[in-house]
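Trainee: Sequence:
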Amino acid sequence: MILCDFDGTISEKDVTDTLLDHFGNDQCALLEQQWLKGIIGSRECMRQQIANMQASQIELDSVLAQIKIDPTFSEFIDIAREAHLNVQIVSDGLDYAIQSILKRYNLDFLPIYANRLLHNQQQGWKLDFPYTNQHCLKASGNCKCQHRRQLAGFQKIFYVGDGTSDFCVADKVDLVFAKDKLIDFCRQHGIHHYPIKNFGDVVAILPNLIKTSVENHCLSPA
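The opening residue of the sequence shown carries number 568 in this note's numbering; numbering runs sequentially from there.
No wet-lab data here; the hints were simulated from the structure.
Keep in mind the model is a prediction, meaning the values are calculated, not measured.
Please note that a few of the clues may not be correct.
Calculated pairs, DSSO-like style, for lysine-lysine (alpha carbon to alpha carbon, straight line, at most 27 Å) [said to hold, decoys possible]:
hint, residue 1, residue 2
1, Lys739, Lys778
2, Lys748, Lys604
3, Lys739, Lys723
4, Lys764, Lys778
5, Lys580, Lys604
6, Lys635, Lys764
7, Lys748, Lys580
8, Lys580, Lys635
9, Lys670, Lys635
10, Lys604, Lys635
11, Lys693, Lys705
12, Lys670, Lys705
13, Lys764, Lys748
14, Lys705, Lys580
15, Lys693, Lys778
16, Lys693, Lys604
17, Lys764, Lys705
18, Lys764, Lys670
19, Lys693, Lys723
20, Lys748, Lys705
21, Lys604, Lys705
22, Lys604, Lys670
Starting from the given sequences, assemble the full structure and let the hints guide the process.
Mentor: In structure tokens, the structure reads:
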């Protein structure tokens, strides 16, 4: 089983940040600062930010149509399917946005677990949190650790991610394919990881990784 983050991992840009840059207001930036300081969790931050976003359906879709994914992700999916590996997307982002972007690449068959974006008036939006967990240590909208616990029957579980929303689940999988901030986090906490720039790096070792010990491929802190 492979769990994949979406924003900044599969997508080249953070989708939520991109939408807020286009359609958010000054309050969105203040909420972001409160989240960075630990005053509010990501669930509450995103709930209020999305409530402050004003865009028509057409305007929203127009921005989503410009967001690209990692060009090596499709090859990764092909390799994973050939190896009979399940791939799930677990994101603290927006389900509608993820589905819309993946559909352009004929990848919308992938299971997506994310926060639910709802159009509640002509230009208004709101979030629903079908995968929230009131005991989530990060107060995330989508508790990734909860998804991991539901996969106890799998022999090996790998994770691909890049940022803050991936920190809490990183030490609960067999190996992390880490980008950006997640590399530093794994190094600091002694978590088995393999640093990547894109999914092409995952493709390069995935066939051997399935057959051999995780420790043969991971990097730990010096």
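Trainee: Indicate, hint by hint, whether the structure satisfies it.
Mentor: Consistency of the hints with the structure:
1. Lys739 <-> Lys778: Holds, because 20 Å separates the two Cα atoms, which is no more than 27 Å.
2. Lys748 <-> Lys604: Holds - the C-alpha atoms of Lys604 and Lys748 are around 17 Å apart, at most 27 Å.
3. Lys739 <-> Lys723: holds, 11 Å
4. Lys764 <-> Lys778: Holds: Lys764 and Lys778 sit about 23 Å apart, inside 27 Å.
5. Lys580 <-> Lys604: Distance of about 23 Å is within 27 Å: holds.
6. Lys635 <-> Lys764: holds, 16 Å
7. Lys748 <-> Lys580: Distance ~15 Å between Lys748 and Lys580 Cα, so the pair holds.
8. Lys580 <-> Lys635: Roughly 8 Å separates the two Cα atoms, so the pair holds.
9. Lys670 <-> Lys635: Within the cut-off at roughly 11 Å; holds.
10. Lys604 <-> Lys635: violated, 30 Å
11. Lys693 <-> Lys705: Holds: Lys693 and Lys705 sit about 21 Å apart, inside 27 Å.
12. Lys670 <-> Lys705: Distance ~30 Å between Lys670 and Lys705 Cα, so the pair is violated.
13. Lys764 <-> Lys748: This hinted pair holds, its Cα atoms lying about 12 Å apart.
14. Lys705 <-> Lys580: holds, 22 Å
15. Lys693 <-> Lys778: violated, 44 Å
16. Lys693 <-> Lys604: Holds, because 24 Å separates the two Cα atoms, which is no more than 27 Å.
17. Lys764 <-> Lys705: Roughly 26 Å between the alpha carbons, so the hint for Lys764 and Lys705 holds.
18. Lys764 <-> Lys670: Since the Cα atoms of Lys764 and Lys670 sit roughly 24 Å apart, the hinted pair holds (cutoff 27 Å).
19. Lys693 <-> Lys723: violated, 36 Å
20. Lys748 <-> Lys705: holds, 16 Å
21. Lys604 <-> Lys705: holds, 13 Å
22. Lys604 <-> Lys670: violated, 36 Å
When the structure is compared with the earlier hints, violations turn up for hints 10, 12, 15, 19 and 22 and for no others.
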